[in-house]
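Peer 1: Chains A and B, in that order, are what the protein sequence lines are.
Going by the working numbering, 328 is the number at position 324 of the first sequence; the sequence numbering is gapless.
Going by the working numbering, 92 is the number at position 91 of the second sequence; the sequence numbering is gapless.
Just so you know, not all the hints are guaranteed correct.
Computed Cβ-Cβ distance ranges for the label pairs, DEER-style [stated by the list, open to error]:
| # | chain 1 | residue 1 | chain 2 | residue 2 | range |
| --- | --- | --- | --- | --- | --- |
| 1 | B | T149 | A | D154 | 26 to 32 angstroms |
| 2 | B | T129 | A | Q209 | 53 to 59 angstroms |
| 3 | B | S65 | A | V67 | 21 to 27 angstroms |
| 4 | B | D67 | A | A32 | 41 to 47 angstroms |
| 5 | A | V163 | B | T28 | 41 to 47 angstroms |
| 6 | A | L233 | B | D67 | 37 to 43 angstroms |
| 7 | B | T149 | A | L233 | 40 to 46 angstroms |
For the record, the hints were derived by calculation from the structure and aren't laboratory data.
Glycine included, each C-beta is placed from N, C-alpha and C at the ideal position.
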Amino acid sequence: MKNIRYMAARYAIAACAGLSLAGTALAANTLTEAGQEVSNTFVLNYDVGTTAQDPITNDTATVIPDAVIQGTPTQFTVDRKVDHSLTATNTPLNNTAPSSTTTLTFELLNEGNDTQAYSFSLADLDNGTDTFDASSYAIQYTLDSDDDGDFSDEGSATVITSTPTGTAAGSADISVDVPKGVRMLVEVIATIPSSTETTGSPDDQTSADDAETDNVILIAEARNPTAWLNDTISGAGDVTANSTGANVLVGDAQNVLADDVGVASVEDAANSDGLHAAEAVIVVASPDLEATKSVTVISELIDALGTAPADPAADCDSATVVAEAKSIPGACIEYVIEVSNTGSTATASNLNIEDILPDNVTFVDAEFTGDFIDDPGVTGTGPSLAEPASDTSCDGTSGTCSVVLSDAALAAGDTGQVRIRALVE
Amino acid sequence: MIKHSLFAFGVAAAMALPAYASGLLATQTVEVAQIEIDESGDEVKTFIEATEIAPGDEVRYRLSYDNQGENDAVAVKLVMPVPVEINYIEGSAATELASVAFSVDNGESFVDRGSLRVQSDGEDRVATSEDITHIKWTFTEAIESGETGQVSFRGVLQ
Numbered sequence: 005m006k007n008i009r010y011m012a013a014r015y016a017i018a019a020c021a022g023l024s025l026a027g028t029a030l031a032a033n034t035l036t037e038a039g040q041e042v043s044n045t046f047v048l049n050y051d052v053g054t055t056a057q058d059p060i061t062n063d064t065a066t067v068i069p070d071a072v073i074q075g076t077p078t079q080f081t082v083d084r085k086v087d088h089s090l091t092a093t094n095t096p097l098n099n100t101a102p103s104s105t106t107t108l109t110f111e112l113l114n115e116g117n118d119t120q121a122y123s124f125s126l127a128d129l130d131n132g133t134d135t136f137d138a139s140s141y142a143i144q145y146t147l148d149s150d151d152d153g154d155f156s157d158e159g160s161a162t163v164i165t166s167t168p169t170g171t172a173a174g175s176a177d178i179s180v181d182v183p184k185g186v187r188m189l190v191e192v193i194a195t196i197p198s199s200t201e202t203t204g205s206p207d208d209q210t211s212a213d214d215a216e217t218d219n220v221i222l223i224a225e226a227r228n229p230t231a232w233l234n235d236t237i238s239g240a241g242d243v244t245a246n247s248t249g250a251n252v253l254v255g256d257a258q259n260v261l262a263d264d265v266g267v268a269s270v271e272d273a274a275n276s277d278g279l280h281a282a283e284a285v286i287v288v289a290s291p292d293l294e295a296t297k298s299v300t301v302i303s304e305l306i307d308a309l310g311t312a313p314a315d316p317a318a319d320c321d322s323a324t325v326v327a328e329a330k331s332i333p334g335a336c337i338e339y340v341i342e343v344s345n346t347g348s349t350a351t352a353s354n355l356n357i358e359d360i361l362p363d364n365v366t367f368v369d370a371e372f373t374g375d376f377i378d379d380p381g382v383t384g385t386g387p388s389l390a391e392p393a394s395d396t397s398c399d400g401t402s403g404t405c406s407v408v409l410s411d412a413a414l415a416a417g418d419t420g421q422v423r424i425r426a427l428v429e
Numbered sequence: 002m003i004k005h006s007l008f009a010f011g012v013a014a015a016m017a018l019p020a021y022a023s024g025l026l027a028t029q030t031v032e033v034a035q036i037e038i039d040e041s042g043d044e045v046k047t048f049i050e051a052t053e054i055a056p057g058d059e060v061r062y063r064l065s066y067d068n069q070g071e072n073d074a075v076a077v078k079l080v081m082p083v084p085v086e087i088n089y090i091e092g093s094a095a096t097e098l099a100s101v102a103f104s105v106d107n108g109e110s111f112v113d114r115g116s117l118r119v120q121s122d123g124e125d126r127v128a129t130s131e132d133i134t135h136i137k138w139t140f141t142e143a144i145e146s147g148e149t150g151q152v153s154f155r156g157v158l159q
């Protein structure tokens with residue numbers, strides 16, 4: 005037969021076939037350890053005629069009366085199956101706010117039959133499906149050292165790198181040893197840029213605008229641990245590769261890479277290559293702002309005798325609403341610009357609310373109320389309200405009567421108001 | 002009288018035949034399964050020396066016999082353990098040469114597969130392949146002088 009492809013006849017084995025206790029406890033896998041010797045024997049009994057003969061056996065350890073020893077026990081050494089999987093566990097990460105940090109979570113499982121260490125690297129897609137990039141990434145891990153499926157009881161995570169490399173080969177960012185069948189939580193902490201698009205540029209991957217995505221591929225590569233279960237280690241930390249040289253029946257375990265493909269674009273799709281990758285996506289949800297403007301006549305300001313006040317601006321500033329007041333010359337009116345962040349998660353920052361008063365009013369005073377808070381991305385402590393001098397006669401231009409709220413932010417679900425008092429001229 | 006003593010001698014001789022010390026040879030081997038895809042895309046499974054073997058692989062234990070003696074071997078019974086690291090593949094011990102029985106008590110007792118039961122967690126249940134500790138082949142025919150053959154079973158390395 006020519007052109008034959010050889011495949012090992014491998015059966016899928018349940019990785020967690022061990023004890024199952026009430027609750028969520030997980031056992032390390034029950035795969036036979038690499039380097040373990042499996043031994044077998046036989047005993048053959050027979051007669052000639054009606055006479056029993058000495059039994060035949062290859063068991064040199066057990067005493068079988070009158071046995072004839074033929075051969076020795078049949079033995080082989082279990083080789084090292086190098087296999088792991090990496091799964092993204094919180095993708096897609098929706099409702100990520102601009103100007104924030106967020107964490108992608110992955111779970112790595114050592115599915116082989118020996119201890120293994122891993123190195124990590126990050127491939128960030130810039131090919132169109134990915135419309136922005138986080139400005140920086142860090143990778144950290146937490147080993148499930150008590151093998152109970154719970155990472156929250158393991159203490160703080162270990163940062164492996166704050167500057168991950170893009171390719172797996174040669175990555176020096178190596179984890180601790182992971183026993184066979186045990187899990188490791190791997191977190192990628194991404195710093196999300198602001199949503200301010202560079203003016204005049206097409207989408208340039210550097211701003212996180214609404215509905216944009218950052219596709220991130222985490223790659224885990226199998227590395228030699230500090231110690232194997234049964235064999236002497238040499239080259240701890242080296243990339244774990246298929247053993248070269250002749251295969252042997254007994255003796256030290258040989259490496260057999262058996263991982264499958266997680267993300268084909270960063271792995272060798274044709275072979276088990278010691279790499280397994282998983283892709284996750286961060287989705288931006290910008291805040292959703294709604295604004296309304298209303299004007300109310302607060303008071304006509306004239307007294308019961310029809311006399312106008314001596315200081316109408318002062319009166320208007322402190323006036324309270326009078327029912328059915330008319331908009332007549334001298335009346336005190338109030339403009340209210342109300343802004344709501346109706347988004348579910350993201351804080352609206354970099355707010356700048358400007359109102360230019362029309363020609364036929366005199367500015368009195370302005371204030372802001374409600375939920376506006378300081379914008380941490382702007383220097384100084386806000387919110388700040390810029391307003392014209394009291395008694396300024398407005399002419400409809402921004403240079404004369406402009407009220408500006410700046411250095412302000414609104415959290416999701418919050419509402420704020422800018423209130424402007426003016427006199428009708 | 003002489004006639005009387007001859008009969009006595011004859012009977013004594015029949016009981017004092019020497020043990021059959023050589024002639025039947027038995028060899029046990031272990032192999033790992035390998036699948037070949039031939040040109041038509043069909044899978045062909047072969048067994049080769051188990052120099053590369055990892056959990057999940059299929060193994061075959063084979064007992065080959067060769068009766069190089071002058072006499073037929075009768076009432077042949079072969080027992081092979083199933084190592085703890087190996088999970089027996091159901092039906093793989095079957096052969097036309099023998100009836101097959103199984104043990105879950107380390108070879109103390111053997112019954113046919115359908116009757117094999119264990120006590121587990123206080124309940125009596127049908128034995129699974131993981132429970133099997135030994136396999137016994139009871140040959141139905143003699144292994145004649147000059148005859149060769151083999152029996153085997155397969156399992157999965159855990």
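Peer 1: Now tell me, hint by hint, if it's right for this structure.
Peer 2: We went through each hint and held it up to the structure:
1. For the hinted restraint 26 to 32 angstroms between T149(B) and D154(A), the CB-CB distance of approximately 59 angstroms leaves it violated.
2. Between T129(B) and Q209(A) the C-beta distance comes to about 56 angstroms, which sits within the given range of 53 to 59 angstroms.
3. For the pair S65(B) and V67(A), the supplied restraint of 21 to 27 angstroms holds, since their beta-carbon distance comes to about 25 angstroms.
4. D67(B) and A32(A) have their C-beta atoms about 45 angstroms apart, which keeps the hinted 41 to 47 angstroms range intact.
5. For V163(A) and T28(B), the Cβ-Cβ distance of about 58 angstroms falls outside the hinted range of 41 to 47 angstroms, so the restraint is violated.
6. A hinted range of 37 to 43 angstroms for the beta carbons of L233(A) and D67(B) is consistent with their spacing of about 40 angstroms.
7. A C-beta distance of roughly 41 angstroms is found between T149(B) and L233(A), which places it inside the suggested range of 40 to 46 angstroms.
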